[in-house]
Every structure is written in C-alpha cells, then in structure tokens.
Amino acid sequence: MSNETKKLTVKAFRFNKDTDYLPYYDTFEMEVSKDELILDVMNRIKWEHDGSFSYRRSCRHGICGSCAVKVNGKATLACKDRAFDLVDIFGEELIIDPQDKRRAYKDMVIDKADFWKKYDSVQPYLVADIDENPTEENLVSIEENEKIDEADLCIQCGACYYSCPAVQVNPNFTGPAALVKAWRFNADVRDNAHDERLETLQELGSGMWDCVKCFECAEACPKEINPIDKITKLHQQTFEKGLARNNVAVRHAVGFKWSIQKHGILDEGELVRYSEGNIGVMKHIPEAIAMFKKGKIVMPWNMPKSKNLEEIQKLVEITSTAKFGRR
Amino acid sequence: MSIPIHKYDVVIVGAGLAGCAAAREAAAAGLSVCVLTKLHPLRSHSGAAQGGINAAFSDEDSTELHEFDTVKGSDYLGDQDAIRLMCEGAPETIRWAEKMGAVFSRSEDGKIAQRPFGGQSSPRACYAKDRTGLTLLHTIFEQADRDGVEFKDEYYVADIIYKDGKVNGVFAYNLVDNEPMIFNAKAVMFATGGYGRAFRINSNAHANTGDALSIVARHGLPLEDMEFVQFHPTGIAGSGVLISEAARGEGGKLFNSKGERFMEKYAPNKLELASRDVVSRAITQEILEGRGCGENKDHVHIDLTHLGADLINSKLPELRDLAITFLGQDMIEEPISIAATAHYSMGGIPCDMDGHVRLDTKNFVDGFYAAGECACVSVHGANRLGANSVLEALFFGRHVGQSIVADLKANKIDFKEANPSDVKAVMDRLEAIKTGNGDERIPELRNELQDGMTENAGVFRTEKSLLVQRENLKDLKARFQNVRIDDKSKIYNTDLQEAVELSHMIDFSAFIVEGAILRKESRGAHYREEYQTRDDENFLKHTMTYMDKDGNLSTEYMDVVLGNHELAERTY
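For the protein sequence lines, the chains are D and U, in the order given. FYI, in the working numbering the residues of the first sequence are 1 to 327. FYI, in the working numbering the residues of the second sequence are 1001 to 1572.
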C-alpha cells in the first residue's frame, strides 16, 4: 500500500532442456515496491520482459505449494516472501534459482518425480476401514488431535526436501517432507498402520535414519512446520514401540543416551565404537588420532564426568520413553 | 496424423475436491478412472478454502434450517430439490471425510467443532482451524490415490470430443513436453472450478480461468446463471486475497474511516454476519461515498483485536499470517484493511442433481457430467452462503461419482471410439496461437479484460456499464486473433497456456455480461442500479445462454424448482 520502491537487480536462472546445452542467467533491472512478493517479481519478468520465462504458480497466498524457488540460495515460497525482506538479508541483487538446478526442465520448473516418489513411499493416506455411510464421526480429543502437531499443514512445496543436505549426498533418503507426512498419520489415533510405516522407515539409507539433524528443513519451511521435530518424533515412536533394529543408526542413538547417562557428557570415541562395532571403528582411526591430538577425545580411563551427573541421570530417566535393555 | 489414444471408463478433468471425490467413488466401484489436472492435484484451489463446511449437526440445528438459510441466501433462485438433497447429505458427507482422515478441529467432547458463519441461523460450519479446504483436499486425494485412481498432473485439457449429443472423451496436452493426446472414455466429468480470474480484484488462484465453461460453450452448449458472481466482503486491500468469513464468524467488526460500525445501517439484525452480497455492497457503498480508509480511501477496516491473541492464534493463524505478509498488519495489534473481491461463481455448466450436463432446458448430453464450482445445479442460486461451496464440491463430487457408476453399471452409456480427426480443430487453434505473429500481447489484453470486468460488471452494475463491457469484450475477442506469444518451445510452455486461458476468459465473460444486461432486477450478487429490487414476476428463473459459431449469444430461461420455502423478502 506504500509507494516506497527500490531499484533491484534480479538475475533469473534460465534453461530449456530441449534447446539449451547449459543454463545461463538473465539480468533484469526493476523498480520494486514494498508490497511486492517474489512471485510479483517473477510475474513482472514474464509479463513485462519475456513471456517465455517459466515457473509454477497458482494460489498466490501460500497454500498450494506451487511456487517454491530459491533466492540467493535461500528456500523461498515466492508468494509468501516479500522482495524487500530478502533485500534486507542479501542486498539489492537477487538471484532467483529453481529448487534444484540439476532437475530443471525449464527455468524455475523442475522435475519433481523424486520428491513425489518419496511421498508415495510412506503410505501417505489414513489406513483404516472407511465407513461409507457414517452416522457418527470418530471421537478425537483435542489433546489427541494436537499430537499431529501441524504436520497436516504441510503443503508439499518441497522447500525442505530440496534444502536437505542429507538428500543431496544420499538421494535415497526419504527426506523431511515425506517424513512429516509419515508423522501426520503416525500421530493420528484413527490410523492402523503406525507399525507398518515405521518398519519401512527402518531401512538404512532409504528410511528415516539418515537425518543429520542440521535443522535446514526447519529453516526452509514456509509454513513453520519444523520437519526435524517430526523426524525426531518418528525416531522416538520407533523406540517406544520397541521396533528399533540393531543397526548403526539406532546404536548411535542408544550409545548417545548411555554416554550421557554414564558421564553426563558425550564420549565421542566410545559412541563411534559402539555405533559401528569393534571392527567398523577401525576405519576411523586416522580421524581418531587427529581428534585425540586436539583433545576432542580421550582414552577411556581418562573420560571425565559432569559435575551434575546425578541431576542429568535423573533427567534422562524422567524423559526417556525408549524401551531397550541395558547393554 | 498420429496421436496416442488412452482409454478409460471415466475421465475426470480437475483434481480439486469434486474431481477427487468423484474419482474415488468410481475407482472404489471398480471402474478405470483417470483424472487430468493442469496442476498437481494438491495444488487445486479447493485447498485454499479457509473457514468451513456446513452441516446441520447440533441439537439446536436442523437440516430444514440449513435448507431454509441456503434458499434464502440464494435469494430464492436456488433449486429447492437440489438444496434439500445437499443439506440432507451434508452430515454424512462430512463424517465420511472425517472417517477418511480429515483433521477437523474438535470440541471438548471430541466431536467435530462448528463455528458461526454469515447468513446461517446456527453455528454449523465444521472447520479445521482456518484451513478447512487444505485438510479436505489432501484427505480426499489421498484416499482416491489409495483406491487406485490414475492421476495425470500437469495435463492441459483444451477440448471435449462431442459428437451426436454425446461426449466421448477429451483432448489434452502434456504441459511438460506439449505432447498431444486423446483420452477416450464412456463418461467424462468436468470439475474444473471457478472463474474469478476474469476480474482484476479477485481472491482466486492463477489457475481459476474457467476453461471448462468456454470449452463447453464453444460447442453450442448452454451456460447457466453466469451473471451471478459472488464478491466476497473481506479481500485483502489491493490484492484481493481472501480473509475468510471465519474472521466475521469469530466476531470481527467492520469500520469505515469515520470509525462507524456501518453494518448497523445495512443489516441491523445480523450486522457483519449478514449474507455476503449484502456485506460486500455495504463495504463498496461506504467506499463510493467517500468513507473508505487509507490514502486512496479504497478500503475499510475489519477489527479483530478484541478477540485476543490466544483465539486468533488458535483459530485464525493462517489469516493472521496473510495480513502480515500482504499488508504488514498484525490483526492481534490493529484492524486490517479489506475490500470486496471477486470470489465465487454461482453459475456454470448447467446440470441436474445427478450431474448430467444439460443440452438445453429439457434435454441432456450423453456421457457428460459436471460438479463443483464449474457446475450450476443450482444450489447457490443468486448468492452462495459461506461454507456451502466446500460442501457442494464434496457432496456433489461424491454424488456425481456415484451417479456415473450407476449409469455405467446400468449400461446407459456406450463407449464410442475417438479418432484423431475429432481433435483437428482444437489442434489447429493451438497451432495458430503458437505461430501467430501479430502485435497484441497476452498480458495487456488480460489486464484490459480484468479491469473492464471489475469496473463494469462488478458489485454495482448499470445498463450503461454493461453495454460498454459488451463492446470491450467484442474488441478483445477480435484483437485476440492477432496475438503473438514469446515462447515457441515445446517445454513447459506457460506462455501458450496463458494465451489459451485468456481466450477462455474472454468467451465466458461475454456470458456474464449478457446475463447481467438481460436481468433487469437486483437479486443476490447481481445488483442493477436502475432496478434495485427483486422482480419475481419476470425474473424468478434461470438464465440459459448459448453461443453460436460466430460468437453471437442467445438466451432463454428455465424455471426455478420451488418447494417448501416460500418466497419472501430477504432481510438480515
């Protein structure tokens, strides 16, 4: 509503998989007003400069999930972020890229087959017998409903997925969006496939254990759903239900807890040995020596204990929901 | 010419609530079903529905009351048999969606919670915070997917194959690579949503270009009651993006620049909770008389601050977020700026209660169905009540799906082979747009269309403004023959798509204007300054308009189905 404007340099990623060998950038000098969103900027490129500029968009108010792109590397839902807010972070040159340049069909439009394949992999629907002519609804308490914890607000824009570094290095990893979807149903008291869903997510590499807990997904999500929190909840549910398998990821979680319980602080060397086994740990010897020299790890007999060990142990006891035996 | 032909029992165009619900029912009955959408199903505009979905659940409420409110809301133009069917089916429909997984907000006793909405005598809008459509769309899509419906996303349907009174399939092209194909089916259903994009200030998604209406009309089939376009009272000033009626339902108050709560003047009993057309006119009137707020005096304020942060955060979180994004206004701290915005199309493809598309006032097209916003059954008549659109889409989507199943099981529809020659005309049209080398550009023509429709065929209409717009549209249609698009490539050609969509908007807009010129009365959302009252003697009837090959329109009228609810003056 204000007349305040800024002169911006907008660089847009251009690529047509049919005609271009390599992508390139087009530069547009634009006078942008305070109320204009990144989507408005893209519309103006298309409508005022070059009609062949291509991107997905529909609802224009942050609910359909079509227009996710990256601006100066930051995951952005184009119809939710104002150009001025991004100028505050990045200055007056904005670079608009597709979510994943390697998957570009044309300009901002990418092939999302990988994203939807992950979506399909988590049984993304309520598993229950459907009463076709119900006269009463299921009774669900407000507390039970809240366990879903906004996971049903996910709009499948892919901002988290295409920002996840674990997906970058391991394309098989389920990734945050599909795991949020899994939690949406695994938190639902009406669903009958909680165990089944968790079982499929136990596979190393493809399942849910490759999350490196970097919080990129929480940072990227335009709906503030906090995917990593849902991933953690799936991990916890796995332990609560006693479905955890004896593998390196689970041992890493268990070993972490034991280390804290025993010392009040993390014994990094022992955690690696415990997670990967006596033989597996051998391949880390070069790192271990480097870490030892810097004082990051110590010999087992020198492992210090926290001053507040008793208090920490009590906390662990109170908060732990995991069901697994002492080693 | 070779062109792939895919065969199914049922082809559905549009993957919003109506399309997904119909597809789910047909697939669950064992039919082969393909749903074509120009978006991904989860991007459909049903997902943008915010406030709620009506059902008379509570002890204080009844189906009859829901019916009455809907009939009255429609300004008596709604067909009462269809309204009864929908209102009676509402409780089961919503519980069915709940059983399939919809995450409704709950009351203390664990039941589906309900809130008040405009024009309703009882709180009957079931809701999921302020994102009711999102959970419903996702849920129905998920279950359709679970039941084996084949979804083809990002396919643009550009025509129907219509021969000898029967629809045999559709012509579509894949947006990704522009490959054309035919989808040949026993039954074709249109569930393509609304057409708000024809107006400059609108609440609609970019996708809501009413393609189906013009596709149908170009075959000489009628469109019904097109003059009835709902303007929602509370669009965000400037952009028109919607602030749900839930804002008024939860207690929002409207103020003009003088700080007057002006609804006291226009609807002394219901105030802000009067019907949408009433509130939209009130807001527009205040602005026209110079009592608008802000530098340009082009909006009014809705004040929600008295509701408190807790209620706003728990029940209206998305709305708060929208006002912050678009206006920089936090509704917890200050009133927010709103004005009327084109929102919903009451009219559309005429069909009976079971979704059969009408050939004229008496006969039907074989193998052709419609449901949801693109259809006109008519349950909304001259004005739709809040939280009845999601109900219509879900109820009639499901019901028409079942009706298709019944028709196919009874062998009422034959499969007719489609031929490549059936789609030559549409392919030539597309090619002409792609290769056109004139000097008209799509964005300019579209701006002119949208500006003209908002100026001349908006909240207040006069004979003069409408005649101006009729000429504008003729001019735009002629100039469209002379367009040139920048994008000549085969890959994801949105330039071509926007051109085709514009041609659709120009065609159906002529129906809106024509119906409005001929309807010399004011009823529901249609308001004529020269004829400010309802005229039941002459206009208690549905408009049915047809377009011939040269673009000339002709209109006849169809009786309204009346019932228990007798005609009365409509006051709130």
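Derived by calculation from the structure, the hints in this document are not laboratory data. For every residue, glycine included, the Cβ atom is placed at its ideal position computed from N, Cα and C. Treat the hints with care, as some may be off.
[Unchecked claim] So the derived list for chain D, only partly shown, Cβ under 7 Å to chain U, looks like this:
{"id": "1", "residue": "24"}
{"id": "2", "residue": "218"}
{"id": "3", "residue": "313"}
[Claimed, not checked] Residues from chain U that keep clear of chain D, each with C-beta distances beyond 12 Å, as calculated:
{"id": "4", "residue": "1042"}
{"id": "5", "residue": "1057"}
{"id": "6", "residue": "1111"}
{"id": "7", "residue": "1163"}
{"id": "8", "residue": "1264"}
{"id": "9", "residue": "1359"}
{"id": "10", "residue": "1485"}
{"id": "11", "residue": "1488"}
Going down the list of hints, with the structure as the test:
A cut of 7 Å between beta carbons decides the hint on residue 24/D: the least distance to chain U is about 15 Å, and the hint is violated. For residue 218/D, the interface hint is violated, the least distance from its beta-carbon to any beta-carbon of chain U being 17 Å, above 7 Å. Here the hint on residue 313/D is broken, as its CB sits about 37 Å from the closest CB of chain U, past 7 Å. Some Cβ of chain D comes within 12 Å of the Cβ of residue 1042/U; the nearest lies about 5 Å off, and the non-interface call is violated.
Its closest Cβ contact with chain D, about 9 Å, brings residue 1057/U to no more than 12 Å, contrary to its assignment away from the interface. At the 12 Å boundary, the C-beta of residue 1111/U falls inside the reach of chain D, the nearest C-beta of that chain being 6 Å off. The claim that residue 1163/U lies off the interface holds: its Cβ sits roughly 33 Å from the closest Cβ of chain D, which is beyond the 12 Å cut-off. The claim that residue 1264/U lies off the interface holds: its Cβ sits roughly 27 Å from the closest Cβ of chain D, which is beyond the 12 Å cut-off.
Remark: the non-interface label on residue 1359/U is consistent with the geometry, its nearest Cβ contact in chain D lying 32 Å away (cut-off 12 Å). Distance check for residue 1485/U against chain D: the nearest CB is about 6 Å away, which does not clear 12 Å, and the non-interface claim fails. With a least beta-carbon separation of about 8 Å from chain D, residue 1488/U fails to lie farther than 12 Å from that chain, contradicting its non-interface assignment.
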